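Fit chain B to the given chain A structure using the hints.
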Amino acid sequence: MKEYELVIIGGGPAGLAAAVAAFDAGIKDILILERDHSLGGILNQCIHNGFGLHTFKEELTGPEYAARFTDQVLERGIEYKLNTMVMDISPEKMVCAMNSEDGMFMIPAKAVILAMGCRERSRGALNIPGYRPAGIFSAGTAQRLVNMEGQMPGKRVVILGSGDIGLIMARRMTLEGAKVLVVAELMPYSGGLKRNIVQCLDDFDIPLKLSHTVTDIEGRERVEAVTIAKVGADRRPIPGTEIRYECDTLLLSCGLIPENELSQNIGVELSPVTSGPIVNDGLETNIPGVFACGNVLHVHDLVDYVSEEAAAAGRNAASFIQNGESTESDKIELCPEGGVRYTVPVYLRPGKMNDTVTVRFRVGEVFKNSSIVTYFDDDEVMRRKKQIMAPGEMEQVILKKSDILAKPGMKKITIRVEEG
Amino acid sequence: MFDVVVIGAGVTGCAIARELSAYDINVCVLERGEDLCSGTSKANSAIVHAGFDAKCGSKKALYNVRGSVMMEKLCKDLDVPYKRNGSLVTCSKDQDRSVLRDLLKQGEENGVEGLRIVEKDELKEIEPNLSDDIECALLAETGAIICPFHLTYALGENAAANGAHFRLNTEVTGVAKEGDHFVIDIKDAPSVETKIVVNAAGVYADDIHNMVSKNKLHIVARKGQYFLLDKTVGNYVTHTVFQLPGKMGKGVLMTPTVHGNILVGPNAEDIEDKEGTNTTLSGMDYLTKTISLSIANPPLKNVITSFAGLRAHEDGEDFVIGEATDAEGFFDAAGIESPGLSSAPAIGEDIAKMVAEKLGASLKTDFVPTRKGILNPAELSFEERNKLIKEKPEYGQIICRCESISEGEILDAIHRPLGARSLDGVKRRTRAGMGRCQSGFCSPKVMEILERELNMDYTAVTKNGGGSQIVYGENKQV
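As they're listed, the protein sequences go chains A and B.
If you count the first sequence from 1, position 341 lands on 340 in numbering that gives the first Met the number 0, and the numbers rise without skipping.
If you count the second sequence from 1, position 385 lands on 384 in numbering that gives the first Met the number 0, and the numbers rise without skipping.
For reference, chain A alone in the conformation it holds in the complex (with noise of 0.2 Å):
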């Protein structure tokens, strides 16, 4: 096979801005690799609005956000393959890749950007106990059974977890015609955005219950009855509180996880709170000429933000090819602190940043008043203050290069949610 001076694996909507601002650089010699039968991702299930506001000022489905990048992709030629599943990709940037026209091939690469996106977590990893009978989806899945299959996967239906797929498809369902009888939450405060607190569950009438697991299953074909019970500080169910609600259905909404298989199989260091690479400013992973955007980096509340990612990606990874391996040394690590949970990137190289670089992470909890400061070593740089800020929503800090470069010797950077 060929080689190509950049393979993105993944047609979503990180690996479409990826590919197309690295067009827009210079690098023509593109090749995106997409598992599915078209390109777009999981947006091509996301038929709901609210995408694009902060990218085209308009509020878009997820489709047509998709086709926005699609086309892009599409004027400009980018060469792609569908229905090909990625299997391996060497240290040495070799991908071999499957499909059904092509057999098993390889191809080599001078710049790897992984964009394979994520999955979500299953019961299994929730060790949920009771019985093991139909009726258990992800959310994600039942939104992929509705919105492209058009099937309804249930009539009475819990949800447990209150993460975005999860609180949209409450939404769905309602308006599909299936009765939303609750949505739990582990956690006392919600995993979601707070626009779709409202807009899905607020204007339905669903009531969320915060604090609160589910503790059994039944039926033995389909499912039968869940119960759910209050949490203690523990977030271990408290005797006594149960609840048991007579459904057919569980949608679990419980937490985003990067799919990284391949990334360890290249060797790219992976970060335990993210389970996503551990990135520089660049986007680049610890293997040169390999980078990382979108939600396999680490999973990100708004579409917008991937595609602003990506697309410095791709940008890194066409002066990557243009101009060859990094050789700068100096190293500014980020360090989260008190209440941010990390940093993308995690770390800085001070003489080949870009201009800005936008650094992205969470909160842990919810912190109502506080500002996010920003330390260079021991001296505080910057102070935003901020009303609310919860787990649900990601924050970002702005660094100049100019402010970095007028501290020499810097050893690292703090970033910080403290009260006031």
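Do not rely on the hints blindly, as some may be mistaken.
What the hints assert, rightly or not - Looking from chain A toward chain B, a few residues come up when the C-beta cut is under 7 Å (computed): (1) Ala-133; (2) Gln-150; (3) Glu-223.
What the hints assert, rightly or not - If you want the footprint, here are the derived chain A segments under chain B, 3+ residues with CB under 8 Å: (4) 96-103; (5) 119-126; (6) 138-149.
Calculated from the structure, these hints are not laboratory results.
Fair warning: this is a prediction, and the values are worked out from it, not measured in the lab.
Quick reminder that beta carbons are idealized off the backbone N, C-alpha and C, glycines included.
Coordinates of chain B only, in the frame set by chain A:
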């Protein structure tokens, strides 16, 4: 009129049917579930015991040791994954190592080869993730791991290929002797007549037995819960690591599986409900607590699913094998709890011999003892795989991303004899849906394939037959 009806298409029933199909007789297997391997055979430790646990002289000891010896060749003949990984019974500094010596002695008396006690230094070499408290262990070189699904399907398919009939979704409601034969009543279907009945009905074997015999059996369902761990920690142990049996019971094991996962379990809990395959918070807590007695830092955050299986525990504490004393022509393979999987080949051989003798049947000349499993493209070379995809493009289309299962394998699973009819049927035959996403991504695709290949309605696709439908109908219509 059949010569023999076997009740139950678990691993025992299928092993018996396969051995019977070597004789010149008319065999029929009746199975309540929608598929073979729907009960105890689908939820167990997936290991072949060496044979040192069972008391000397017991049927369990006899059949386990013989079955363990037979298993390797059988798996080769039937193309079933089997790996002799060896097992360890671990003994911690707080435990009585004389129990280990007794087990060694019992094993040797049972005729188990390759047993020896291994001390801490060597243990650290061969199994580095054992708990620091472990001082020594009984190593059984003949301990092995196996895929219980594949073994059951292979035995069933091979029996069918040799002429045995299988009736699925067929629940026996009565068995009665009438003159020189038996009449078997079936739920919602006409009765079946047969000269001989073989009872391999798992947790229900007592109910079936008691329909014809005054010497009552009593089976309780002994529930065992398990965790299945992701392949990323598949090398955490390489041996099957048991805990020393003691006052606290048999302990909890950790073992690799032939497919590269790790299995942790089981607990043991006697329950009344013979359908009680639910997991419980207390059961899972017990596994979490107990496994750390033998394993250092068990990687339980990598659990991808948990499940429970029911072992058919008979009050007599042993297998019940052979003709009922007061019902001529009625043969039991009852009380088949652990080591039932290990014993299945030997039980099959013996029951078939007894039945053949009763019928005066002779061996066929055209019995085919081998069977080819579902092709696993991952075992092919790059060139072979490309050749396959060129000839059959469906092998180039991956359906299950976590386990890299192609459409070709799923089509094979559906269209082979006694093929898959449900999502679980596809899963157990091919592993599609058995990986870390637990079928989140592939189930709608597998449903489409089932719909197309079996020419069924999308709403008729089930998880595992009966009322386990996945979708109810079109949007806004239900």
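Those earlier numbered hints the structure runs against, lowest number first: As far as the earlier hints go, only 3 is violated by this structure.
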